[in-house]
Amino acid sequence: MKHVLACIDTSAYTASVCDLAAWASKRLDLPVELLHVVQRNSAVTLRHDHSGAIGLGAKTDLLVELTRLEEADAHLQIERGRVLLATATERLKAAGATGVIPLHRHGGIVETILEREADARAVVIGKRGASHEFATDHIGSKIERVVRASTKPVLIASRRVVDPSSIVLAYDASKPADRALDRIHHSPLFKDLPVHIVMAGRDDDRNRNALRNAQRSLPDDRPSTTALRPGKPEEVIAEAVANKPDTLLVMGAYGHSPLRTLIVGSTTTAMIRTVHVPVLLVR
Amino acid sequence: MTSFAALKREWLANPRADLLAGIVVALALIPEAIGFSIIAGVDPRVGLYASFSIAVITALVGGRPGMISAATAAIAVLVVPLVRDHGVEYLFAATVLMGVIQITAGFLRLDILMQYVSRSVITGFVNALAILIFVAQLPQLIDVTWVTYVMVAGGLAIIYLFPHLTKAVPSPLVAIVILTIVAIYGGLNVNTVGDMGKLPDSLPVFLIPNIPLTLDTLQIILPYSLTMAAVGLLESMMTAQIVDDLTDSGSNKRREMKGQGIANFVTGFLGGMGGCAMIGQSVINVKSGGSTRLSTMVSGLFLLFLIVVLGPLVVQIPMPALVAVMIMVSIGTFSWRSIRDIRHHPWQSSVVMVVTVVIVVWTHDLAQGVLAGVLLSGLFFAGKVKQLFTVESELSGDGNTRTYRVAGQVFFASTDSFTGAFDYKEVLDRVVFDVSAAHFWDISAIGTLDKAILKFRREGTAVEVIGLNDASASMIELYAVHDKPAAEAQSGAH
Numbered sequence: 001m002k003h004v005l006a007c008i009d010t011s012a013y014t015a016s017v018c019d020l021a022a023w024a025s026k027r028l029d030l031p032v033e034l035l036h037v038v039q040r041n042s043a044v045t046l047r048h049d050h051s052g053a054i055g056l057g058a059k060t061d062l063l064v065e066l067t068r069l070e071e072a073d074a075h076l077q078i079e080r081g082r083v084l085l086a087t088a089t090e091r092l093k094a095a096g097a098t099g100v101i102p103l104h105r106h107g108g109i110v111e112t113i114l115e116r117e118a119d120a121r122a123v124v125i126g127k128r129g130a131s132h133e134f135a136t137d138h139i140g141s142k143i144e145r146v147v148r149a150s151t152k153p154v155l156i157a158s159r160r161v162v163d164p165s166s167i168v169l170a171y172d173a174s175k176p177a178d179r180a181l182d183r184i185h186h187s188p189l190f191k192d193l194p195v196h197i198v199m200a201g202r203d204d205d206r207n208r209n210a211l212r213n214a215q216r217s218l219p220d221d222r223p224s225t226t227a228l229r230p231g232k233p234e235e236v237i238a239e240a241v242a243n244k245p246d247t248l249l250v251m252g253a254y255g256h257s258p259l260r261t262l263i264v265g266s267t268t269t270a271m272i273r274t275v276h277v278p279v280l281l282v283r
Numbered sequence: 001m002t003s004f005a006a007l008k009r010e011w012l013a014n015p016r017a018d019l020l021a022g023i024v025v026a027l028a029l030i031p032e033a034i035g036f037s038i039i040a041g042v043d044p045r046v047g048l049y050a051s052f053s054i055a056v057i058t059a060l061v062g063g064r065p066g067m068i069s070a071a072t073a074a075i076a077v078l079v080v081p082l083v084r085d086h087g088v089e090y091l092f093a094a095t096v097l098m099g100v101i102q103i104t105a106g107f108l109r110l111d112i113l114m115q116y117v118s119r120s121v122i123t124g125f126v127n128a129l130a131i132l133i134f135v136a137q138l139p140q141l142i143d144v145t146w147v148t149y150v151m152v153a154g155g156l157a158i159i160y161l162f163p164h165l166t167k168a169v170p171s172p173l174v175a176i177v178i179l180t181i182v183a184i185y186g187g188l189n190v191n192t193v194g195d196m197g198k199l200p201d202s203l204p205v206f207l208i209p210n211i212p213l214t215l216d217t218l219q220i221i222l223p224y225s226l227t228m229a230a231v232g233l234l235e236s237m238m239t240a241q242i243v244d245d246l247t248d249s250g251s252n253k254r255r256e257m258k259g260q261g262i263a264n265f266v267t268g269f270l271g272g273m274g275g276c277a278m279i280g281q282s283v284i285n286v287k288s289g290g291s292t293r294l295s296t297m298v299s300g301l302f303l304l305f306l307i308v309v310l311g312p313l314v315v316q317i318p319m320p321a322l323v324a325v326m327i328m329v330s331i332g333t334f335s336w337r338s339i340r341d342i343r344h345h346p347w348q349s350s351v352v353m354v355v356t357v358v359i360v361v362w363t364h365d366l367a368q369g370v371l372a373g374v375l376l377s378g379l380f381f382a383g384k385v386k387q388l389f390t391v392e393s394e395l396s397g398d399g400n401t402r403t404y405r406v407a408g409q410v411f412f413a414s415t416d417s418f419t420g421a422f423d424y425k426e427v428l429d430r431v432v433f434d435v436s437a438a439h440f441w442d443i444s445a446i447g448t449l450d451k452a453i454l455k456f457r458r459e460g461t462a463v464e465v466i467g468l469n470d471a472s473a474s475m476i477e478l479y480a481v482h483d484k485p486a487a488e489a490q491s492g493a494h
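If you read the sequences in order, they're chains F and L.
Residue 1 is where the first sequence starts when you use our numbering, and the numbers rise one by one after that.
Residue 1 is where the second sequence starts when you use our numbering, and the numbers rise one by one after that.
Just so you know, these hints were derived from the structure itself, not from any lab.
All values reported here derive from a predicted model rather than from experimental measurement.
Just to be clear, a hint being listed does not mean it is correct.
[As the list claims (entries may be wrong)] Calculated cross-link-like contacts (lysine to any residue; reagent style SDA-like; alpha-carbon spacing at most 20 Å):
{"no.": "1", "chain 1": "L", "residue 1": "K455", "chain 2": "L", "residue 2": "A480"}
{"no.": "2", "chain 1": "L", "residue 1": "K8", "chain 2": "F", "residue 2": "Q39"}
{"no.": "3", "chain 1": "L", "residue 1": "K258", "chain 2": "L", "residue 2": "T227"}
{"no.": "4", "chain 1": "L", "residue 1": "K8", "chain 2": "F", "residue 2": "R40"}
{"no.": "5", "chain 1": "L", "residue 1": "K8", "chain 2": "F", "residue 2": "E111"}
{"no.": "6", "chain 1": "L", "residue 1": "K167", "chain 2": "F", "residue 2": "V64"}
{"no.": "7", "chain 1": "L", "residue 1": "K167", "chain 2": "F", "residue 2": "D49"}
{"no.": "8", "chain 1": "L", "residue 1": "K8", "chain 2": "F", "residue 2": "T269"}
{"no.": "9", "chain 1": "L", "residue 1": "K451", "chain 2": "L", "residue 2": "V465"}
{"no.": "10", "chain 1": "L", "residue 1": "K8", "chain 2": "F", "residue 2": "N41"}
{"no.": "11", "chain 1": "L", "residue 1": "K8", "chain 2": "F", "residue 2": "A130"}
{"no.": "12", "chain 1": "L", "residue 1": "K167", "chain 2": "F", "residue 2": "L46"}
{"no.": "13", "chain 1": "L", "residue 1": "K167", "chain 2": "F", "residue 2": "H48"}
{"no.": "14", "chain 1": "L", "residue 1": "K8", "chain 2": "F", "residue 2": "S141"}
{"no.": "15", "chain 1": "L", "residue 1": "K167", "chain 2": "F", "residue 2": "D61"}
{"no.": "16", "chain 1": "L", "residue 1": "K8", "chain 2": "F", "residue 2": "T45"}
{"no.": "17", "chain 1": "L", "residue 1": "K8", "chain 2": "F", "residue 2": "G107"}
{"no.": "18", "chain 1": "L", "residue 1": "K167", "chain 2": "F", "residue 2": "T45"}
{"no.": "19", "chain 1": "L", "residue 1": "K167", "chain 2": "F", "residue 2": "G57"}
{"no.": "20", "chain 1": "L", "residue 1": "K8", "chain 2": "F", "residue 2": "R145"}
Construct all of the structure, not just a fragment, from the sequences and the given hints.
Written as structure tokens, this is what we have:
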């Protein structure tokens, strides 16, 4: 657990990822590992050659040409990546991160993040990557793959981030939700931050009990409030964090099997999509 | 969703390029399907149905997106005797069994065997395949009028020169269209596709091969199925590697083996012949911008569309036009670099390559060529490693003890060098074998160590072995004789 892994690309989320990573770095007293993965474009689709003719040395010529095209693109992407890393490093330092270790890698974005998170205490990532940047109220496909496969807490940065001064816990009495509660109790990341535990569901004894037990499991001196509201979880939670940009939404992630999720959709994904504050997912 | 994202990546990463590439590839599939149906002695529709079904199924379940599989030359040349002696229904049954064998091979993870196929063998395979494709065109070029030669030459000229004009249109298509128009309006006396047999006029239907389900039938088709499965997997694995290299991306070879199996299994029931991945067409696909499952799928669907909807036009295509396209595929498949490299590469590599080619061209069986190539490269390798063996010796000050320092690899091929490295006739009290820099690989090596030790003992010399590494020591523990009681009594047995 040596650092906070912050993942950046050319999207507009890079600034808020840096701010959120800096906040986590200060709170956990860990340096930030700043990761950018070089994405070169495949040259296969760039050639526009539909002649369909293959002549002498076709395989070798094609390999040489594809390599040449991708090499040129890779140089360009590496230069861009270096500038990006330098800018982000400065921003992190200015925001008070305890240390910055820039890391520039080739490869698949998701695979590289999962490989690097082994040494990380938490992963910070933007809500959408460069390839999905302008699809508003949408969660990037790579982000979702990272969140599903990751074993570490994942902080998802919204477009704008201010240092969180309070926490909203999305609570549904499930195992992941209890783990999230436990983390709020123990992790230095949330030390002294007031907690608002929100549950979506009918106002009946069972839900009230679950909520009361959740609140009791926190220490007495921890400022905490609860709310039980009828409605769909994503709507209830979105309302709870609306117009509170200094809030961090914490929730247990993906309680259901991938198959069920495929059919009925995922509450987790829906929530990440609709809220406009940073989200911490606990596995 | 993880799986959804993966599906999107494998199908829709670049739909426009993949669609166009699939269409270009379909045009190169038709000549091979028709041409090699004729070689195999069946109606063109057997090859065309197979190409459609194999392309579509491997697009869905294969392990290498962007690779093109269909009815191929490599398989077609194998089944000639089967069709000639027993008929086409046995070919369908053999194709079904071929699929079963390939699926089994996938589950047995036989893809790891590919690591024993050296680069020279792969080059030999590719070259042999190119030669097979070319040789298969010869029947269309023998005993024909001069018009045929002119048309083939004209076709090749269009194929290679037209891209200098524009790369927006597939030049093989241009060649086929121009030659067809010339043949029809010029009233030229050349063979057409229609002369070669029936084309499909409908979608393929499911049918059980009409054969007796007996042990005799199995005995007939099993040898063919085994060879077809082996050749199909070999070409598919090699093509997958080529596509991996060209696109700089990975593939799931095991899934590809199973995918090939499923495709052939189903194809047999649809009245198609067996097939596999195609090197030439896969290169055309990548060259045209195809790299996902979509292009493979489109190539299969478009092929069927062309045949079923444009069938009346397809039958009028003159054979020389298809021969020209197949000569292009043959030229594009051949590794011309390997001819130049013959002089620079180590002679062993060149021998392996040439032997692979010669055996394939001779037997028309790519599996036999690869087997010979693999065996030969194994022998050459053993011969090279055998050289990594030295023995130095040193006599002690009092002249009674000699230390032999053995270094290198001791295995079946180096036993003679090992036994011959010692002077047994020297009168000594003690001999020390320092084997700290040697490795004993197999029971031949242990046997030869036994023999040397016992030979010294018979001369009354005490022998000590020092510096055995762990692996060698455990081999000796298990299999050696010299360290067990009564060793001398048995030594005659060595």
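Here's how the hints hold up against the structure:
1. With a C-alpha separation of about 14 Å, the suggested pairing of K455 (chain L) with A480 (chain L) holds against the 20 Å cut-off.
2. A hinted pair counts as satisfied when its Cα atoms are at most 20 Å apart, and K8 (chain L) with Q39 (chain F) qualifies at roughly 18 Å.
3. Distance check on the hinted pair: K258 (chain L) and T227 (chain L) sit about 16 Å apart at the alpha-carbon level, within 20 Å; holds.
4. At roughly 19 Å between alpha-carbon atoms, K8 (chain L) and R40 (chain F) fall within 20 Å of each other, so this suggested pair holds.
5. The hinted pair formed by K8 (chain L) and E111 (chain F) meets the criterion: a straight-line CA distance of about 17 Å does not exceed 20 Å.
6. Straight-line distance between C-alpha atoms of K167 (chain L) and V64 (chain F) comes to about 19 Å, which keeps the hinted pair within the 20 Å bound.
7. Simply put, K167 (chain L) and D49 (chain F) have alpha-carbon atoms about 5 Å apart, close enough for the 20 Å limit, and the pair holds.
8. Restraint check: the Cα-Cα separation between K8 (chain L) and T269 (chain F) comes to about 18 Å, which is no more than 20 Å; the hinted pair holds.
9. Distance hint between K451 (chain L) and V465 (chain L) is fulfilled; the C-alpha atoms sit about 13 Å from each other, no more than 20 Å.
10. Proposed proximity of K8 (chain L) and N41 (chain F) is supported: the alpha carbons are some 17 Å apart, at most 20 Å.
11. A hinted pair counts as satisfied when its Cα atoms are at most 20 Å apart, and K8 (chain L) with A130 (chain F) qualifies at roughly 17 Å.
12. A threshold of 20 Å between alpha carbons decides the hint, and for K167 (chain L) with L46 (chain F) the separation of about 13 Å falls inside it, so the pair holds.
13. With a C-alpha separation of about 8 Å, the suggested pair K167 (chain L) and H48 (chain F) falls inside the 20 Å cut-off, and the hint holds.
14. Our distance criterion of 20 Å between C-alpha atoms is met by K8 (chain L) and S141 (chain F), whose separation comes to about 10 Å.
15. At roughly 16 Å between alpha-carbon atoms, K167 (chain L) and D61 (chain F) fall within 20 Å of each other, so this suggested pair holds.
16. A distance of roughly 16 Å separates the Cα atoms of K8 (chain L) and T45 (chain F); the hinted pair therefore holds under the 20 Å criterion.
17. Between K8 (chain L) and G107 (chain F) the CA atoms are separated by roughly 19 Å; this keeps the pair inside 20 Å, and the hint holds.
18. Taking the CA atoms of K167 (chain L) and T45 (chain F), the gap is near 14 Å; set against the 20 Å cutoff, the hint holds.
19. A threshold of 20 Å between alpha carbons decides the hint, and for K167 (chain L) with G57 (chain F) the separation of about 18 Å falls inside it, so the pair holds.
20. Our distance criterion of 20 Å between C-alpha atoms is met by K8 (chain L) and R145 (chain F), whose separation comes to about 13 Å.
Violated hints: none; the structure is consistent with every hint.
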